[in-house]
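Protein chains: 2
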Amino acid sequence: MLPYKTLIQLNRASNISLYIQLCNSFISLITDGTLQAGDALPSTRALSELTGLNRNTVKLAYEELVSQGWAESIERKGIFVLSKLPALSKNKKNVSNRVLDLQKESFIWDNPFIGKKETENFQQSVLTIDDGFPDVRLTPIDLLMREYRSISKKFYGKNFLKYGYPQGSEHLRNALCRYLADTRGLVVTPENLLITKGSQMGIYLAAQLLLKASDHIAVGVSNYRSADEIFRYTGASLLRIPVDDYGMDIDVLEEVLQQQTIKAVYIIPRHHFPTTVTMSMERRLKLLKLAKEYRFAIIEDDYDFNFHYDNKPYIPLASIDHNRNVIYIGSITKTFAPALRTGFMIAEPGFVEASSSLRQLIDKQGDSLLEEAFSSLFDNGEMERHFRKSLKIYRQRRDLFCEILHSRFSNVIDFKIPEGGLAVWSVFDTSISLSDLSQSAAKKGLKIADGSFYNNEIFIPNGLRLGFASLNEQEIEQSLELLRKII
Amino acid sequence: MLPYKTLIQLNRASNISLYIQLCNSFISLITDGTLQAGDALPSTRALSELTGLNRNTVKLAYEELVSQGWAESIERKGIFVLSKLPALSKNKKNVSNRVLDLQKESFIWDNPFIGKKETENFQQSVLTIDDGFPDVRLTPIDLLMREYRSISKKFYGKNFLKYGYPQGSEHLRNALCRYLADTRGLVVTPENLLITKGSQMGIYLAAQLLLKASDHIAVGVSNYRSADEIFRYTGASLLRIPVDDYGMDIDVLEEVLQQQTIKAVYIIPRHHFPTTVTMSMERRLKLLKLAKEYRFAIIEDDYDFNFHYDNKPYIPLASIDHNRNVIYIGSITKTFAPALRTGFMIAEPGFVEASSSLRQLIDKQGDSLLEEAFSSLFDNGEMERHFRKSLKIYRQRRDLFCEILHSRFSNVIDFKIPEGGLAVWSVFDTSISLSDLSQSAAKKGLKIADGSFYNNEIFIPNGLRLGFASLNEQEIEQSLELLRKII
Numbered sequence: 000m001l002p003y004k005t006l007i008q009l010n011r012a013s014n015i016s017l018y019i020q021l022c023n024s025f026i027s028l029i030t031d032g033t034l035q036a037g038d039a040l041p042s043t044r045a046l047s048e049l050t051g052l053n054r055n056t057v058k059l060a061y062e063e064l065v066s067q068g069w070a071e072s073i074e075r076k077g078i079f080v081l082s083k084l085p086a087l088s089k090n091k092k093n094v095s096n097r098v099l100d101l102q103k104e105s106f107i108w109d110n111p112f113i114g115k116k117e118t119e120n121f122q123q124s125v126l127t128i129d130d131g132f133p134d135v136r137l138t139p140i141d142l143l144m145r146e147y148r149s150i151s152k153k154f155y156g157k158n159f160l161k162y163g164y165p166q167g168s169e170h171l172r173n174a175l176c177r178y179l180a181d182t183r184g185l186v187v188t189p190e191n192l193l194i195t196k197g198s199q200m201g202i203y204l205a206a207q208l209l210l211k212a213s214d215h216i217a218v219g220v221s222n223y224r225s226a227d228e229i230f231r232y233t234g235a236s237l238l239r240i241p242v243d244d245y246g247m248d249i250d251v252l253e254e255v256l257q258q259q260t261i262k263a264v265y266i267i268p269r270h271h272f273p274t275t276v277t278m279s280m281e282r283r284l285k286l287l288k289l290a291k292e293y294r295f296a297i298i299e300d301d302y303d304f305n306f307h308y309d310n311k312p313y314i315p316l317a318s319i320d321h322n323r324n325v326i327y328i329g330s331i332t333k334t335f336a337p338a339l340r341t342g343f344m345i346a347e348p349g350f351v352e353a354s355s356s357l358r359q360l361i362d363k364q365g366d367s368l369l370e371e372a373f374s375s376l377f378d379n380g381e382m383e384r385h386f387r388k389s390l391k392i393y394r395q396r397r398d399l400f401c402e403i404l405h406s407r408f409s410n411v412i413d414f415k416i417p418e419g420g421l422a423v424w425s426v427f428d429t430s431i432s433l434s435d436l437s438q439s440a441a442k443k444g445l446k447i448a449d450g451s452f453y454n455n456e457i458f459i460p461n462g463l464r465l466g467f468a469s470l471n472e473q474e475i476e477q478s479l480e481l482l483r484k485i486i
Numbered sequence: 000m001l002p003y004k005t006l007i008q009l010n011r012a013s014n015i016s017l018y019i020q021l022c023n024s025f026i027s028l029i030t031d032g033t034l035q036a037g038d039a040l041p042s043t044r045a046l047s048e049l050t051g052l053n054r055n056t057v058k059l060a061y062e063e064l065v066s067q068g069w070a071e072s073i074e075r076k077g078i079f080v081l082s083k084l085p086a087l088s089k090n091k092k093n094v095s096n097r098v099l100d101l102q103k104e105s106f107i108w109d110n111p112f113i114g115k116k117e118t119e120n121f122q123q124s125v126l127t128i129d130d131g132f133p134d135v136r137l138t139p140i141d142l143l144m145r146e147y148r149s150i151s152k153k154f155y156g157k158n159f160l161k162y163g164y165p166q167g168s169e170h171l172r173n174a175l176c177r178y179l180a181d182t183r184g185l186v187v188t189p190e191n192l193l194i195t196k197g198s199q200m201g202i203y204l205a206a207q208l209l210l211k212a213s214d215h216i217a218v219g220v221s222n223y224r225s226a227d228e229i230f231r232y233t234g235a236s237l238l239r240i241p242v243d244d245y246g247m248d249i250d251v252l253e254e255v256l257q258q259q260t261i262k263a264v265y266i267i268p269r270h271h272f273p274t275t276v277t278m279s280m281e282r283r284l285k286l287l288k289l290a291k292e293y294r295f296a297i298i299e300d301d302y303d304f305n306f307h308y309d310n311k312p313y314i315p316l317a318s319i320d321h322n323r324n325v326i327y328i329g330s331i332t333k334t335f336a337p338a339l340r341t342g343f344m345i346a347e348p349g350f351v352e353a354s355s356s357l358r359q360l361i362d363k364q365g366d367s368l369l370e371e372a373f374s375s376l377f378d379n380g381e382m383e384r385h386f387r388k389s390l391k392i393y394r395q396r397r398d399l400f401c402e403i404l405h406s407r408f409s410n411v412i413d414f415k416i417p418e419g420g421l422a423v424w425s426v427f428d429t430s431i432s433l434s435d436l437s438q439s440a441a442k443k444g445l446k447i448a449d450g451s452f453y454n455n456e457i458f459i460p461n462g463l464r465l466g467f468a469s470l471n472e473q474e475i476e477q478s479l480e481l482l483r484k485i486i
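Line order of the protein sequences matches chains A and B. Going by numbering that gives the first Met the number 0, the first sequence opens with residue 0, and the numbers climb by one from there. Going by numbering that gives the first Met the number 0, the second sequence opens with residue 0, and the numbers climb by one from there.
Everything labelled a hint here was simulated from the structure, so no lab data went into it. Be a bit skeptical, because a hint or two may be false.
Identical copies go unnamed one by one, so any copy, or any two together, can satisfy a pair.
[Unchecked claim] SDA-like cross-link-like pairs, simulated, lysine to any residue; straight-line CA separation at most 25 Å:
| id | residue 1 | residue 2 |
| --- | --- | --- |
| 1 | K211 | Y232 |
| 2 | K311 | N53 |
| 3 | K446 | L59 |
| 4 | K285 | S42 |
| 5 | K388 | Y155 |
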């Protein structure tokens, strides 16, 4: 008989019942080849003595083994491992058979602000200068909870727990249509609108539908890295167009278009990432004209619409595009709370329908309950009140932050006061190594990135986006004071 | 002067201020070519008279136009459309320039139970026999709300609104590890686990990482259509293997393997979709053996684990796979609430890491707040209590449903009592047209599908999954009585 006393390990503290543990132990012995087809199992009496288990527990385990098809009971003889089981070889941890090696090029990249371990972020006691995150302390979570309570009390409230619609809640799409017309002259119907999991999903869907491996897409020399990665994932080639103080250089784009067919242009015309520049109206119009002439799509990433401090912001390209070449991508997430992923894509109904179908393949639908709660917050004006309130606070923070940068860092940091967005694009003096800076800062209790996130194959600035929005005034003072000492 | 009185339409009831409306009207006139570069705008006095607006409102609008770069003020002359604007042609709704035609084959499909319009589903007053949805009336939404309140009251609660982790909350991954070990002998660490938006996203990620256009994947002759669509979307070819009463026929698979390299096999070994059969232990072991020998991955879709009524369910293939060829996909969504998309994928850490990276491209991360609330529900045992309670209710519903099918439909419907799952696979007599049936039923207030969702290029049964779980006993009686009358 096998040394069952050592082979079978039971955990009496577990809340899984002992007979199931025993049954699973036998399954392990069978599947790792210790027990072979036709082998006899010990009698219930013997096993009961060896393990100290009640005989009934052993009987239950054997019954379970039989009912699961691992063993058979032969009258007057006992219990045996099923004779017709295929032979199983003995190789417990053979990793040489791994087939799960990846086919597509590994594209893992790190956002320096997203810790690998939760402890890094969620129990943080250090100051962080992030790259432009909102301050979740301002999120009106109580209002969201109130909406949740109100929905769950309604007689039809549980319907929002059922399967819903890949294109998103009709209520939220209607609320967004009104909101977009009012705030940015973007007049669309719910058929033009897909609710996404943040603006990220909008870019992903658009890229998947527009691009294939042989295609080209134009992006900025400096660009949002996650978007670059999405485009690369389709296999398409990236053509990099310079970006200056007036946004992407559309004259250069035109020269490229004369040589090369491109399927799409990706732009962040408002507060370009990472440099925060806004594209001039002249270039916007020329880009629309080129799109018509050369027949390409414009992916307009306007995730930052809500954060514009001075004059009224430019209306989006999508609002002045009469040829319907623009796929417009927006975010609610960024303004409300990053973890409650909600954004939207606006395009032709046919494109929205195809995007919804792809979205259905990916994750079927969004969170209907959250979408319903957000619609109510738009309807009762709380969402816009929150936006206005945050904007006012962020403006104050921007002003203080830039004032300190100006007065105490002007010899080492070159920057412009951003018209909008949540970060200051800061180019450091070449004598400062950002990687050293980041490491020294960490030791002094200040978390700040090393800038590598903004680099790509041709754009290697000695720069950082310095996020001011998630820090209150005291924290701004403290963190910049720390930064000054480190430099 | 242009007929501004008719060209400019203002809505005094809108909550967008009049000067912005006026400004946007001018932008429209400029972008549609009615106003050209260099054109003079009417004086503030003239426009004030024409529109009835206060002169200051007109002034504000003009200032806005100037600040947005659409117009320029020339001293002593007035306001003009910016002279350096590129010429804009006049074509308001020219759709001939549309470039957003899709490249990839359109793959829109319909789930007959997911209405195109919300009114169809959310305000439903008709009885529905769905294809096996849970009853959201059983969802313990109050417990979820309690967790939300409790989290939002904690001093660190707002941290769950920040950016989180593409792999999912560590707390939930830990809770799931304990739960999976206890319930199905699946012993893994949090590194093996990715939290997904429902099992759908698990299948999508696995397919994207495993398959490319020239690859082959084996699936059942009858199969879950969404999975088929996901695999097709990668460009891979589907090889269909017969499925009988003991699950996929692994002997046939072996013959295919001798001829053709395949990258992966997709199986639903527990309650196969749509036919609800469970794969025999013998075939499971043989499949694992073949995976090792022929080096392919097994995508084990076990979305239905929690719904098994009679004996203890088989443990998953993933629990007895020593060669790590299995990618295991599970669902919480299906048991808790379909709209709160939460599932998981279990695989080798390297595969999980790559899947997390791809997930980050798609939508960055899940809903950290929901994940945290779910972890608490696992930790305090409420989740399992809910599972047990639903299981008991669903078993009663299954028994009643099958009893009625047996007593009143035995001449027209062929079925077996399912060991688990939320639906009865029902093959109708060939004299009955399911499409006619569905239409007649709709007229009588019973929503039931026409079965086309289960069809594919070689599987065309006259069958339907009849879902019993979302109906209470009275509704079961009513809906089957209606169905009987219609037949």
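Going down the list of hints, with the structure as the test:
no.: 1; hint: K211 x Y232; verdict: both (10 Å within a copy, 12 Å between copies)
no.: 2; hint: K311 x N53; verdict: between (78 Å within a copy, 20 Å between copies)
no.: 3; hint: K446 x L59; verdict: neither (57 Å within a copy, 44 Å between copies)
no.: 4; hint: K285 x S42; verdict: neither (86 Å within a copy, 28 Å between copies)
no.: 5; hint: K388 x Y155; verdict: between (33 Å within a copy, 22 Å between copies)
Consistency with the previously given hints fails for numbers 3, 4, ordered from lowest to highest.
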